[in-house]
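Using the hints, position chain B against chain A.
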Amino acid sequence: MTAIFGLTVRQLAGSRRLWLVLALVALPVLAAVVFRTGESTTTSARFADNVTRTLIGSAILPLVMLLFGTSAFGNELVDRTLGYLALKPIARWRIVLPKLAAAFVVGGIPVAASGFLAVALVDAGGLRGALATGVGLLVGAAAYAALFTWAGLATRHALLIGLVYVFVWEATLAAYLDGIRFLSIRRYTLAAIHGLDDARLATIDNPLSPGVALVAAAIVVVGFTALAVRKLVRMDVP
Amino acid sequence: MSSTTGPTIVVDGVSKWFSGVVAVSDVSLVVEPGVTGLLGPNGAGKTTLLRAIGGLTQPSQGTVTVFGESVRRNPEVYRRIGYMPEHESVYDFLSGRAFVELAARLQGVPDIDGSVRRAIETVDLVQHQDRRLGGYSRGMRQRMRLAATLVHDPPLLVLDEPLSGTDPAQRLHLRDVIRGLAAEGRTILVSSHILEEVDELADRIHLMVSGKLAASGDYRAIRQKLDDRPFLVRVDCADPRALAAGLVGVEAVESVEIAGTVGLRVRSRDVASLQRSLPVVARRLSVRLTRVEPLDDSLESVFEYLASGSGG
Numbered sequence: 001m002t003a004i005f006g007l008t009v010r011q012l013a014g015s016r017r018l019w020l021v022l023a024l025v026a027l028p029v030l031a032a033v034v035f036r037t038g039e040s041t042t043t044s045a046r047f048a049d050n051v052t053r054t055l056i057g058s059a060i061l062p063l064v065m066l067l068f069g070t071s072a073f074g075n076e077l078v079d080r081t082l083g084y085l086a087l088k089p090i091a092r093w094r095i096v097l098p099k100l101a102a103a104f105v106v107g108g109i110p111v112a113a114s115g116f117l118a119v120a121l122v123d124a125g126g127l128r129g130a131l132a133t134g135v136g137l138l139v140g141a142a143a144y145a146a147l148f149t150w151a152g153l154a155t156r157h158a159l160l161i162g163l164v165y166v167f168v169w170e171a172t173l174a175a176y177l178d179g180i181r182f183l184s185i186r187r188y189t190l191a192a193i194h195g196l197d198d199a200r201l202a203t204i205d206n207p208l209s210p211g212v213a214l215v216a217a218a219i220v221v222v223g224f225t226a227l228a229v230r231k232l233v234r235m236d237v238p
Numbered sequence: 001m002s003s004t005t006g007p008t009i010v011v012d013g014v015s016k017w018f019s020g021v022v023a024v025s026d027v028s029l030v031v032e033p034g035v036t037g038l039l040g041p042n043g044a045g046k047t048t049l050l051r052a053i054g055g056l057t058q059p060s061q062g063t064v065t066v067f068g069e070s071v072r073r074n075p076e077v078y079r080r081i082g083y084m085p086e087h088e089s090v091y092d093f094l095s096g097r098a099f100v101e102l103a104a105r106l107q108g109v110p111d112i113d114g115s116v117r118r119a120i121e122t123v124d125l126v127q128h129q130d131r132r133l134g135g136y137s138r139g140m141r142q143r144m145r146l147a148a149t150l151v152h153d154p155p156l157l158v159l160d161e162p163l164s165g166t167d168p169a170q171r172l173h174l175r176d177v178i179r180g181l182a183a184e185g186r187t188i189l190v191s192s193h194i195l196e197e198v199d200e201l202a203d204r205i206h207l208m209v210s211g212k213l214a215a216s217g218d219y220r221a222i223r224q225k226l227d228d229r230p231f232l233v234r235v236d237c238a239d240p241r242a243l244a245a246g247l248v249g250v251e252a253v254e255s256v257e258i259a260g261t262v263g264l265r266v267r268s269r270d271v272a273s274l275q276r277s278l279p280v281v282a283r284r285l286s287v288r289l290t291r292v293e294p295l296d297d298s299l300e301s302v303f304e305y306l307a308s309g310s311g312g
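Residue numbers (the numbering used here), protein chains in the order written: chain A, 1 to 238; chain B, 1 to 312.
Only chain A is shown next, with the shape it has when bound in the complex (with noise of 0.2 angstroms):
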């Protein structure tokens, strides 16, 4: 599983998307670098939250995880690499598992990071409320991995379907349908980051309970893992 994991790696960070990703992810550790050098009339805990809430949870995350998770396997499928792993005499779920942890590492890894940087810099709760930021945004990358790497095996609409569930589902209906909460990675992250350190972003109205968010999060990533192996036992190669 190394050696696809490997050649998946060099897929996703080898392409020009890597850069467009570096400089999102850079964006929350900007606002932070500016919001400590200068005056600013909010608290650091709410620029904190802010940030995390809304330009990394809402945006960076599942855009940046929409971009690896659909290129994990779309990649192979537009330029038709895909024979040379589905030809080999390897179980199909060895094929699924590495793409998708490539896309995790590629993808959740530098928000993860970007999010633990950017709340350690405005100093909101301290070390473990960085870490909490970077934990509960891995969450939510292992989340988003799962569903958007089956949804480029699946269609090749996957970039578009998957921009309509951020923006669309997560960030526009979300507003109006509270039940939304529970179909929502965005709302996974966010409780898991709240779990983690209950002063993070304790504001928001009717959160989920950190342990349905952590469930919830676990059946996403082991649901959409089984039906992108399903998908691709069945599925013409091409």
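Only some residues are given here: those of chain A computed to face chain B with a beta carbon under 8 angstroms: (1) Ala3; (2) Gly14; (3) Arg80; (4) Gly83; (5) Leu85; (6) Ala86; (7) Pro89; (8) Val233; (9) Val237.
Looking from chain B toward chain A, a few residues come up when the C-beta cut is under 10 angstroms (computed): (10) Gly54; (11) Leu56; (12) Val90; (13) Phe93; (14) Phe99; (15) Leu102; (16) Leu106; (17) Gly108.
Simulated from the structure, these hints should not be mistaken for laboratory data. Idealized CB from N, CA, C, for every residue including glycine.
Same frame as chain A, but now just chain B:
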């Protein structure tokens, strides 16, 4: 090298259609050790059939077995299959050696270094193995893809248009490589849309036309039918009536038809002889030739001729 006593590949009543378009229609064939050619014009369904044999696509109807086992949803069987797809896509960012090494690792080859070295030596690319695949010529890429296909020393090789993009020297080399691999007891199924390629490679052929199996058997017997088929040649000249009268007595000419005021359509089973006779007759009759053109020498017409059974 084959581990079973029966045919290596058995295709039984396989059809494949996409959104109502039939790509392969009720094809049954067997492939045994040695080199077998799968011949047919572009769009004949060769690649679709090979993809069904390789388990990349599920036949809409019928079954495929390789070494007596189903290939679809049975990845273990790939330990004994080397499959080289038609398209030339590779991981451009990998070096040639890294590409072959990746294949060896995924195949679970025990001696990776030795197997990779032998495979790259076989295709004669040792001196280019550390260059990125993105910088390779098409022919070099084909050869390195072949190295990755045979790195685990499989008893069955399925090669979809392996000579595509190669120059004459590379083609000769690859031909020798493929024949050498077959001489070691392997079963090799090679597709091509070029008659001469199959002539160089295969002893037996399966001919596909329009998704159907049009002919199967010994290549030389089928080639003989090809050589015996009548050719239609268009001849434009200053005086077609005079030339037609002169050609009627020529042995190589089967029939002559006047087409318009300046043209003839000459049918012959011995084109070489016609090529020699035509200028002699024209000079004797003082008729100036302005154009000589074979009318049905396209590959498709050759395949259609064989498929129609006219040759038999």
